[in-house]
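Using the hints, put the two chains back together into the complex; each one sits in its own frame.
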Amino acid sequence: MNTTMPSTPVLPAPQGPVSAAVLSALRGNRTAFPTVDRAAPYGKDLQLALYCCYETHYRGFEGVDPAREWDPTLLTVRTELERVFLDALRDDVPTGTDVEDELAELLVEHVDAFGVSHHLRRQGELWQLREYVAHRSLYHLKEADPQTFAIPRLEGPPKAALMTVQHDEYGAGDTERAHSKLYADMMGELSLSQAYGAYLDSAPAEMLAEVNFMSLCGLHRGLRAALIGQFATVELTSSPGSDRLVKAMRRLGCGPAAIRFYAEHVEADAMHEQLVRRKVIAPLLSAEPELAPDVVLGIRASTFLTARFEGRLLHHWNRGESSFHEVAEAGNA
Amino acid sequence: MAEARRRVIITGDGPILVYGPVDVEMPDGTRVRSDRTVTALCVCGRSRRRPFCDTSHRRRARDNSRQERDP
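Protein chains in written order, with the working numbering: chain R, -18 to 314; chain H, 3 to 73.
Everything labelled a hint here was simulated from the structure, so no lab data went into it.
Predicted model, so just to flag it, every value in this text is computed and none were measured.
Keep in mind that the hints are not guaranteed to be accurate.
With a cut-off of at most 20 Å between alpha-carbon atoms, the simulated SDA-like pairs for lysine to any residue come out as follows [as the list claims (entries may be wrong)]:
1) R:K260 to R:G137
2) R:K260 to H:I12
3) R:K260 to H:L19
4) R:K228 to H:R48
5) R:K228 to H:R51
6) R:K162 to H:D37
7) R:K228 to R:A115
8) R:K228 to H:Y21
9) R:K140 to H:I11
10) R:K140 to H:T39
11) R:K260 to H:Y21
12) R:K228 to H:R52
13) R:K260 to H:D15
14) R:K260 to H:V10
15) R:K123 to R:A176
16) R:K140 to H:L19
17) R:K260 to H:L43
18) R:K260 to H:I18
Isolated chain H, as found in the complex (with noise of 0.2 Å):
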């Protein structure tokens, strides 16, 4: 692309964060556009929203022995 390079952020520990609007191609050849200013990219695997970040990479804790537990 002739454009301006974009800056892209790797948190580490979270999403990827890509500046400026993107065109995702995911692996079955689908497109997915993103208009953000800033999109976070999944990297973990876990989101239900892929290409998107959903927060799923976050620690997740019990604070007590009740047997709830989200699906």
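The following block holds chain R by itself, in its conformation from the complex (with noise of 0.2 Å):
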């Protein structure tokens, strides 16, 4: 278990030439850039490139000038990644406008439906829960942020609503509530580094690619509905998943502070899944009917891509293998 929890995390092991230069380029290096069209839309390479670019518009790393937020040769870069991580979006999900009917699909309980948190409640073990823990640190460390960048491409009645919601993520004026917080305190119930970023190396490249569609969509003015439509698929869908997870965490034994997060989920989200449908969504749509694409793309691409995830971890978990990320090229470029 790490005891020393820096304020910013250490830059990753690169995991491609795309990855590479990007690292590269944030230490301040002089960096030829090669072809980005031919990394894998999903892959580890092109995903952590595209991570290590977000992740300076949140907490940046550690020996790396904050001023690379902003270097034009990185946002190029980002571009460039950006648009290859969105076509293939758009051609792995249908284009849709009903958003009333997507909800209403989300709001259904499937119940032969099969996932993660199916399979930890009925059969999962201790090593696969705290791995799911591990993977997901990357967006729960920074819980709500990605969100946070919308407000103030919002106005009038979704933007306040919005506001509601994302005042209770942050614990409502507690910062001991905030669910990143609780998410830290559950990590380290169960034995895992509370440190932000510290499982980026061992993520595989479906996590980086669901906390990427959130930072895409966050930082994008034109993609706001974008990504309203990804946090209402997530406050529309924790409730029940979270419940599970309080199920598997009892009957592997988990201490109180490791259940407390989804225990706060089942009872925040059936809240939050309100305000995001009637008070966010119903006034954006009424006052901005032509979002209503972006919204369904939102809803399906963050479906799309936590499918991913899940049928990875149920991949490796089925053979009894981690899911942890085997760092092939360890050290700095």
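Have a look at this one:
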């Protein structure tokens, strides 16, 4: 277990030519960039490169000049990476305009659905639960931050309602209740490192892609409606999944600090769902109905990416293997 | 209460939403507090976290013939 808690994470190991070039540029080196089009859109090389570009907008990295956040060379590469990622998503998820229908589908509890939370609740083992929590820390240690980027891009009722949800996410004025803090507490109880970014090297590409999709939509005003779709998907599907994870943790004998995070989400997200549907999406689409296809894109792309992530974990676990990504190329670029 | 009136939203197909912190008295006299900006109170009676909503009111659907079921 890591006992030190650096305020900023260290740069990860490169995973291929694109991420190696981005890491080198982040360190301030003059860098020649390889062709991005050859990189697999959902592969770890491209996703890690994109993740590191985005991280400069959150906490940054140890030894990386904060000015790199607005470095034109890195922004140019980031734009290329985003194009490849978004093109792949648009190819993989069908377009749609019926937001009501999409939301109604998310609200049905499919009795015979099977994902990571079902597996963990029924027969998952503690090491699998720990892997899941380690991977997801890439989002939950900055929980709600990508969606906060959307606030100044909204106005009127959707802005006020999103603020209400975010206020709750950040602990309603009490840092101890902030969801990212509850997540860190859970990690501590599960003997995982609570350090921000500690599991970046070991995370599968599918996890990075989920977080990258949020950052992509959060940082582009033109994709704000897709971000709202992504957020709605999380808030609408979180309560039942969190309830299964509470049961998994009880079955596995986890302590109260571990159980609290998901227990809080059963209750909080039952309320957030209502606000996101009635007070964010409804007034947003009433004022700007042309945003409907983007909301649908956000819902479908995040559902698609979550399914890929869960499929990856179950693929490994069904073989009795770890889902931690092995770092083949350890060391510095 | 002398405070400003609280807004209460009756969703119809889900919980009742109450704006502001609430202090709920249960049938047996116990009190449950919520300090959330908005609290979702169960009205369908199916929640296992009453008085709060846990989304148990949602429609459940079976997609195929598998016989597994959440307890």
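To see whether the hints hold, each was checked on the structure:
1. At most 20 Å may separate the alpha-carbon atoms for a hinted pair to count; R:K260 and R:G137 meet this at roughly 10 Å.
2. Between R:K260 and H:I12, the direct Cα distance comes to roughly 13 Å. Compliance with the 20 Å bound is thereby established for this hinted pair.
3. For a cut-off of 20 Å, the pair hint linking R:K260 to H:L19 stands: about 12 Å separates their Cα positions.
4. A threshold of 20 Å between alpha carbons decides the hint, and for R:K228 with H:R48 the separation of about 17 Å falls inside it, so the pair holds.
5. As the CA atoms of R:K228 and H:R51 are separated by approximately 14 Å, the hinted pair is consistent with the 20 Å bound.
6. Only pairs whose Cα atoms come within 20 Å are accepted, and R:K162 paired with H:D37 is accepted, the gap being roughly 18 Å.
7. Restraint check for R:K228 and R:A115: satisfied, since their Cα atoms lie roughly 19 Å apart, inside the 20 Å limit.
8. Distance check on the hinted pair: R:K228 and H:Y21 sit about 30 Å apart at the alpha-carbon level, beyond 20 Å; violated.
9. Taking the CA atoms of R:K140 and H:I11, the gap is about 19 Å. The hint holds against a cut of 20 Å.
10. Distance hint between R:K140 and H:T39 is fulfilled; the C-alpha atoms sit about 15 Å from each other, no more than 20 Å.
11. Distance restraint check for R:K260 and H:Y21: the Cα-Cα separation of roughly 13 Å lies within the 20 Å cut-off, and the hinted pair is therefore satisfied.
12. For the proposed pair R:K228 and H:R52, the alpha carbon gap of about 17 Å is at most 20 Å, so the pair holds.
13. Of the supplied pair hints, the one linking R:K260 and H:D15 holds, its CA atoms being roughly 15 Å apart against a limit of 20 Å.
14. The straight-line distance between the Cα atoms of R:K260 and H:V10 is roughly 14 Å, inside the 20 Å bound, and the hint therefore holds.
15. A hinted pair counts as satisfied when its Cα atoms are at most 20 Å apart, and R:K123 with R:A176 qualifies at roughly 11 Å.
16. Between R:K140 and H:L19, the direct Cα distance comes to roughly 18 Å. Compliance with the 20 Å bound is thereby established for this hinted pair.
17. At most 20 Å may separate the alpha-carbon atoms for a hinted pair to count; R:K260 and H:L43 meet this at roughly 17 Å.
18. Between the alpha carbons of R:K260 and H:I18 the distance comes to roughly 14 Å, so the proposed pair stays at or under 20 Å and holds.
Figure legend: structure checked against the earlier numbered hints; the only hint not met is number 8.
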